[in-house]
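A.B. asks: So the sequences go chain by chain: Z and W.
This note's numbering puts the first residue of the first sequence at 1, with every later residue one more than the last.
This note's numbering puts the first residue of the second sequence at 1, with every later residue one more than the last.
Everything labelled a hint here was simulated from the structure, so no lab data went into it.
No residue lacks a Cβ here, since even glycine has one placed at the ideal position from N, Cα and C.
Treat the hints with care, as some may be off.
Lysine-lysine pairs mimicking BS3-like chemistry, simulated, CA-CA at most 30 Å apart [as the list claims (entries may be wrong)]:
#: 1; chain 1: W; residue 1: K421; chain 2: Z; residue 2: K36
#: 2; chain 1: W; residue 1: K494; chain 2: Z; residue 2: K72
#: 3; chain 1: Z; residue 1: K312; chain 2: Z; residue 2: K124
#: 4; chain 1: Z; residue 1: K249; chain 2: Z; residue 2: K274
#: 5; chain 1: Z; residue 1: K72; chain 2: W; residue 2: K421
#: 6; chain 1: Z; residue 1: K262; chain 2: Z; residue 2: K274
#: 7; chain 1: Z; residue 1: K183; chain 2: Z; residue 2: K36
#: 8; chain 1: W; residue 1: K505; chain 2: Z; residue 2: K72
#: 9; chain 1: Z; residue 1: K274; chain 2: Z; residue 2: K312
#: 10; chain 1: Z; residue 1: K262; chain 2: Z; residue 2: K290
Derived Cβ-Cβ restraints for the label pairs, each shown as a range [claimed, not checked]:
#: 11; chain 1: Z; residue 1: I94; chain 2: W; residue 2: F162; range: 47 to 53 Å
#: 12; chain 1: Z; residue 1: D365; chain 2: W; residue 2: F45; range: 53 to 59 Å
#: 13; chain 1: W; residue 1: S346; chain 2: Z; residue 2: G54; range: 26 to 32 Å
#: 14; chain 1: W; residue 1: G189; chain 2: Z; residue 2: M46; range: 51 to 57 Å
#: 15; chain 1: Z; residue 1: G364; chain 2: W; residue 2: S232; range: 26 to 32 Å
#: 16; chain 1: W; residue 1: L422; chain 2: Z; residue 2: F96; range: 42 to 48 Å
#: 17; chain 1: W; residue 1: I473; chain 2: Z; residue 2: D174; range: 38 to 44 Å
#: 18; chain 1: W; residue 1: I432; chain 2: Z; residue 2: K262; range: 56 to 62 Å
Calculated Cβ distances over 10 Å to all of chain W for the following chain Z residues [as the list claims (entries may be wrong)]:
#: 19; residue: I49
#: 20; residue: H70
#: 21; residue: K124
#: 22; residue: G225
#: 23; residue: I265
#: 24; residue: K290
#: 25; residue: T307
#: 26; residue: A315
Below, each chain spelled out in residue letters.
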Amino acid sequence: MNNTKNLLRGILVSALFRAGIANADYTLNMPVGVTKISREVHDLHMMVIWICFGIGLVVFGVMFYSFYHHRKSRGAVAATFHENGAVEILWTLIPFIILISMAVPATRTMMDLDDTRYAELTIKVTGYQWKWRYDYIDEGFGFMSQLDANSNAARQLGSDVDPRSVENYLLNVDHPLVIPVNKKVRFLFTAADVLHSWWVPELGWKKDTVPGFINESWTLVDRPGTYRGQCAELCGRDHGFMPIVVIAKSQEDYSKWLAAQKAAIRANEASADKTWTKDELIAKGEEVYKANCASCHQAGGEGIPGTFPAIKGSAVATGALQQHIDLVLNGKGAMMPSFAAMLSATDLAAVITYQRNAFGNDAGDFVQPSQIAPLVKAPADDEDEVE
Amino acid sequence: MTSAATTHDDHHDHGPETGWMRWVTTTNHKDIGTMYLVFALAMLFVGGCMILAVRAELFEPGLQFVDPGFFNSMTTMHALVMVFGAVMPAYAGLANWMIPMMIGAPDMALPRMNNMSFWVLVFAVLLLASTLFMEGGAPAAGWTLYPPLVLQSGDNLPFAVFSVHLLGISSILASINIIVTVLNMRAPGMTLMKMPLFCWTWLITAFLLIAVLPVFAAAVTMLLTDAHFGTSFFDAAGGGDPVLYQHLFWFFGHPEVYIIILPAFGVISTIVPTFSRKRLFGYSSMVYATGSIAFLSLIVWAHHQFTVGMPLAGELYFMYATMLIAVPTGVKVFNWTATMWRGSLSFETPMLFSVGFIILFTLGGFTGLMLATAPADFQYHDSYFVVAHFHYTLVVGGTFPVFAAVYYWLPKWTGHLYDEKLGQLHFWLTAIAFNITFMPQHFLGLAGMPRRIPDYAIQFADFNMISSIGAFILGFSQLIFAYVVYQAIKGGEKASAEVWENASKMGLEWTVPSPAPYHTFTRAPEIE
Numbered sequence: 001m002n003n004t005k006n007l008l009r010g011i012l013v014s015a016l017f018r019a020g021i022a023n024a025d026y027t028l029n030m031p032v033g034v035t036k037i038s039r040e041v042h043d044l045h046m047m048v049i050w051i052c053f054g055i056g057l058v059v060f061g062v063m064f065y066s067f068y069h070h071r072k073s074r075g076a077v078a079a080t081f082h083e084n085g086a087v088e089i090l091w092t093l094i095p096f097i098i099l100i101s102m103a104v105p106a107t108r109t110m111m112d113l114d115d116t117r118y119a120e121l122t123i124k125v126t127g128y129q130w131k132w133r134y135d136y137i138d139e140g141f142g143f144m145s146q147l148d149a150n151s152n153a154a155r156q157l158g159s160d161v162d163p164r165s166v167e168n169y170l171l172n173v174d175h176p177l178v179i180p181v182n183k184k185v186r187f188l189f190t191a192a193d194v195l196h197s198w199w200v201p202e203l204g205w206k207k208d209t210v211p212g213f214i215n216e217s218w219t220l221v222d223r224p225g226t227y228r229g230q231c232a233e234l235c236g237r238d239h240g241f242m243p244i245v246v247i248a249k250s251q252e253d254y255s256k257w258l259a260a261q262k263a264a265i266r267a268n269e270a271s272a273d274k275t276w277t278k279d280e281l282i283a284k285g286e287e288v289y290k291a292n293c294a295s296c297h298q299a300g301g302e303g304i305p306g307t308f309p310a311i312k313g314s315a316v317a318t319g320a321l322q323q324h325i326d327l328v329l330n331g332k333g334a335m336m337p338s339f340a341a342m343l344s345a346t347d348l349a350a351v352i353t354y355q356r357n358a359f360g361n362d363a364g365d366f367v368q369p370s371q372i373a374p375l376v377k378a379p380a381d382d383e384d385e386v387e
Numbered sequence: 001m002t003s004a005a006t007t008h009d010d011h012h013d014h015g016p017e018t019g020w021m022r023w024v025t026t027t028n029h030k031d032i033g034t035m036y037l038v039f040a041l042a043m044l045f046v047g048g049c050m051i052l053a054v055r056a057e058l059f060e061p062g063l064q065f066v067d068p069g070f071f072n073s074m075t076t077m078h079a080l081v082m083v084f085g086a087v088m089p090a091y092a093g094l095a096n097w098m099i100p101m102m103i104g105a106p107d108m109a110l111p112r113m114n115n116m117s118f119w120v121l122v123f124a125v126l127l128l129a130s131t132l133f134m135e136g137g138a139p140a141a142g143w144t145l146y147p148p149l150v151l152q153s154g155d156n157l158p159f160a161v162f163s164v165h166l167l168g169i170s171s172i173l174a175s176i177n178i179i180v181t182v183l184n185m186r187a188p189g190m191t192l193m194k195m196p197l198f199c200w201t202w203l204i205t206a207f208l209l210i211a212v213l214p215v216f217a218a219a220v221t222m223l224l225t226d227a228h229f230g231t232s233f234f235d236a237a238g239g240g241d242p243v244l245y246q247h248l249f250w251f252f253g254h255p256e257v258y259i260i261i262l263p264a265f266g267v268i269s270t271i272v273p274t275f276s277r278k279r280l281f282g283y284s285s286m287v288y289a290t291g292s293i294a295f296l297s298l299i300v301w302a303h304h305q306f307t308v309g310m311p312l313a314g315e316l317y318f319m320y321a322t323m324l325i326a327v328p329t330g331v332k333v334f335n336w337t338a339t340m341w342r343g344s345l346s347f348e349t350p351m352l353f354s355v356g357f358i359i360l361f362t363l364g365g366f367t368g369l370m371l372a373t374a375p376a377d378f379q380y381h382d383s384y385f386v387v388a389h390f391h392y393t394l395v396v397g398g399t400f401p402v403f404a405a406v407y408y409w410l411p412k413w414t415g416h417l418y419d420e421k422l423g424q425l426h427f428w429l430t431a432i433a434f435n436i437t438f439m440p441q442h443f444l445g446l447a448g449m450p451r452r453i454p455d456y457a458i459q460f461a462d463f464n465m466i467s468s469i470g471a472f473i474l475g476f477s478q479l480i481f482a483y484v485v486y487q488a489i490k491g492g493e494k495a496s497a498e499v500w501e502n503a504s505k506m507g508l509e510w511t512v513p514s515p516a517p518y519h520t521f522t523r524a525p526e527i528e
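The shape of chain Z in the complex, shown without the other chains (with noise of 0.2 Å):
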């Protein structure tokens, strides 16, 4: 009995003093935000609070003194009133009066929010299961956006990595987003498979992405700084795990940052011309894999079964190559997404590649980006024609 005690006493304390002293930078309430919106939001959220604490101080102010001073133990007999007319009007007045004052302020705050008009840069976001992409639907290019690979690997079941020590964890990505301050951005969202919730607090809000329509919202972030959100619409086994990281950089930053990405698209488009060996495109396609496929297929290409197919031993990946590029490029029923505008060409064929040849598959074949990039016409390509 007492060992139990013992042992019961010592795991509460171990728990709380590591729990203390590991996350002291735990927050109570909403943060304030970095926009005029989420400032209003904020003052809204404290306002409500503060009326309620009102009505509660009332309310449970009386009902306690009436335990206490009605009890039958402390010899109260009881009244025999049951109704009163006017006080039933008055209690049902003032609440009437209480909500119009809150709605006023909160209708204002809603109009605000919903005004999406003299945007000066607009930034396309889809959903995925489970990343998001970012097109600067101005500029004409965009990319994929997804947890780090440090989050990754200790998020996983039975990891050795301890979440403690991932900086950020779960609340960084390989790619952030790069937004000017004190610019109004208009952001449009949509997705490409199921229901997603784009949210960063230090805006103010979060937008649900919804495949085959177009939403829209907007933000002016008036501090430079690095804002972190996640996705908040359940979207699958995954949901947990597609944070988004917002960077607001001063203007001059900001181009600098815009100049280096067009490099950047550039090379890669080059990288796609260039001869690659078998070798070279395994060791890239296990990068590729490991960050687009294993969260359904697994580490090990075995899937789930009943939900996820096997790419280990898979009539595909073992089949005719042809048809393996078809399937990766424009995808297969509810779950398999089409990643041709999701990867560049170069990644594309490493990581069919990489199928090919891992898991103890034998196909042996492999295949050029050059082969894959006139099959892949990607997203930004649309956009230059627009300009």
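Starting from the known structure of chain Z, arrange chain W on it as the hints suggest.
C.D. replies: For chain W alone, kept in the frame of chain Z given last:
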């Protein structure tokens, strides 16, 4: 007043059949009520175990125990089992046991249908539970079953859909029975406005159920045809719209929360006067408030979808309409407070659970008011703040009043007093553990933690650990309840007919002996 013994018709002297077939073939409202309640308790533990798997996984950052897919199945099944398997059947059980006794009727109006609605429910839940053992697992798209995600389900989708159909049939049958009973079987002299409030709230709830369940059944049928028969109700590529499903679902889903909470209001309005030794304050305004809440519940559904991309006018309309609900709900809370005011209060277990309900439900109402504020909902939506909010309303509304009711009527049902000390221990452990579990979730949500995630960033670790500890205490505390009920069924101090001081003035059920005879009010009682 009257009892089975005084009747001349020997048909009514039957006791229950002996053996297990009694429970299969029974048409007795008390037997069926007992079965509903026992089934609900069993499901409370099933749904509880599911969520403990979730809370165990959330105890620490990182994935320790379960695969994220299984995690999603557990959150989904937890909600479905708790709502459709535990809370709704619990209130149906209370309705079966108490409505005929409260209105002085010998039984429900449609006893055979009553038997059917219970057994359909059992098979519906078994059908749903069978998906746990299927390849690909149980439904994992959340209890709302939103497309397109739910269309990615494997074999479980048709089973879940048919289960929803059966649950709907069961509830609609039970609702028809309650409406017919309340409208036709009241003892002479019991006018509608003299009827106990529990009968009123159930009457209105039954109409709500009949209004909204067919819509839910239709929506899930559309899911089924989208998945298997090539329709595109919810697929933009075929001219459909995924958001259409959300409108249909919440047209059912929002009234559903009132379907749970209205009978709860009825229970509280029954118990608080008994332990205040004073009549319910504002009976007629309670009836009107119940009606208003039910009506408003039908026209506010899209406040669950503020972030889905509605036009401004829609956002504003649903914000205003939702805020309005605070008015009749406020009336309820004020009336209960006024009932206790200058009463002669004592705090036996039923009263403790009732007062606990009033206080914690009011807190849930406050966060509801915050969520109704549309622009702020763009922060709260789909975060742990919402999880905290609806557990303060639904756990408090779905379990506290049921516990209160069981403790209140248990002596009447079994003829034995329950163990008051253990009952109070059950209350305090439940109330404290409930707050340890759900209070920190408000902070998690405000700090930015989305709901339905199996793993989280390090800054959310403290509160999740506290919440998980609370959840385990909360779960295991319910074993005390099961034990107290078992004990009272087995034996214990004999209860008088009245059980509670002066209770015979509070309702007809206290005028029959304890335990209540198998058939009560075979001759209608006289109502002053």
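A.B. asks: Determine for every hint whether it applies to the structure shown.
C.D. replies: Status of each hint after checking the structure:
Between the alpha carbons of K421/W and K36/Z the distance comes to roughly 55 Å, so the proposed pair goes past 30 Å and is violated. Our distance criterion of 30 Å between C-alpha atoms is met by K494/W and K72/Z, whose separation comes to about 24 Å. Under the criterion of a C-alpha separation no larger than 30 Å, the hint pairing K312/Z with K124/Z is inconsistent with the structure, at around 36 Å. Distance restraint check for K249/Z and K274/Z: the Cα-Cα separation of roughly 35 Å exceeds the 30 Å cut-off, and the hinted pair is therefore not satisfied.
A distance of roughly 19 Å separates the Cα atoms of K72/Z and K421/W; the hinted pair therefore holds under the 30 Å criterion. Of the pairs offered as hints, the one joining K262/Z and K274/Z holds, with about 19 Å between alpha carbons and a cut-off of 30 Å not exceeded. Distance check on the hinted pair: K183/Z and K36/Z sit about 12 Å apart at the alpha-carbon level, within 30 Å; holds. With a C-alpha separation of about 18 Å, the suggested pair K505/W and K72/Z falls inside the 30 Å cut-off, and the hint holds.
This hinted pair checks out: K274/Z and K312/Z have alpha carbons roughly 29 Å apart, not beyond 30 Å. Pair hint K262/Z plus K290/Z holds up; C-alpha atoms about 25 Å apart against a cutoff of 30 Å. Between I94/Z and F162/W the Cβ separation comes to about 49 Å, which falls inside the hinted range of 47 to 53 Å. At about 56 Å, the beta-carbon gap between D365/Z and F45/W stays in the expected band of 53 to 59 Å.
Range check, S346/W to G54/Z: Cβ separation about 30 Å, and the 26 to 32 Å hint holds. A hinted range of 51 to 57 Å holds for the C-beta pair G189/W and M46/Z, which are about 54 Å apart. At about 42 Å, the beta-carbon gap between G364/Z and S232/W misses the expected band of 26 to 32 Å. The hint said 42 to 48 Å for the Cβ distance between L422/W and F96/Z, and at roughly 45 Å that hint holds.
Checked against the hint of 38 to 44 Å, the pair I473/W and D174/Z passes, with Cβ atoms roughly 41 Å apart. The supplied range of 56 to 62 Å is met by I432/W and K262/Z, whose beta-carbon atoms lie about 60 Å from each other. Residue placement check: I49/Z does not keep its beta carbon more than 10 Å from all beta carbons of chain W (closest about 7 Å). The non-interface label for H70/Z is inconsistent with chain W: the shortest C-beta to C-beta separation is roughly 5 Å, within 10 Å.
Distance check on K124/Z: its Cβ is at least 14 Å (rounded) from any Cβ of chain W, clearing the 10 Å threshold; non-interface status holds. The non-interface label for G225/Z is consistent with chain W: the shortest C-beta to C-beta separation is roughly 15 Å, beyond 10 Å. Its beta-carbon lying about 30 Å from the closest one in chain W, I265/Z satisfies the requirement of being farther than 10 Å from that chain. Distance check on K290/Z: its Cβ is at least 17 Å (rounded) from any Cβ of chain W, clearing the 10 Å threshold; non-interface status holds.
Non-interface status of T307/Z relative to chain W is broken: a Cβ of that chain comes within 10 Å, the nearest being about 5 Å off. Its beta-carbon lying about 19 Å from the closest one in chain W, A315/Z satisfies the requirement of being farther than 10 Å from that chain.
In summary, the structure is inconsistent with hints 1, 3, 4, 15, 19, 20, 25 from the numbered list given earlier, while agreeing with the others.
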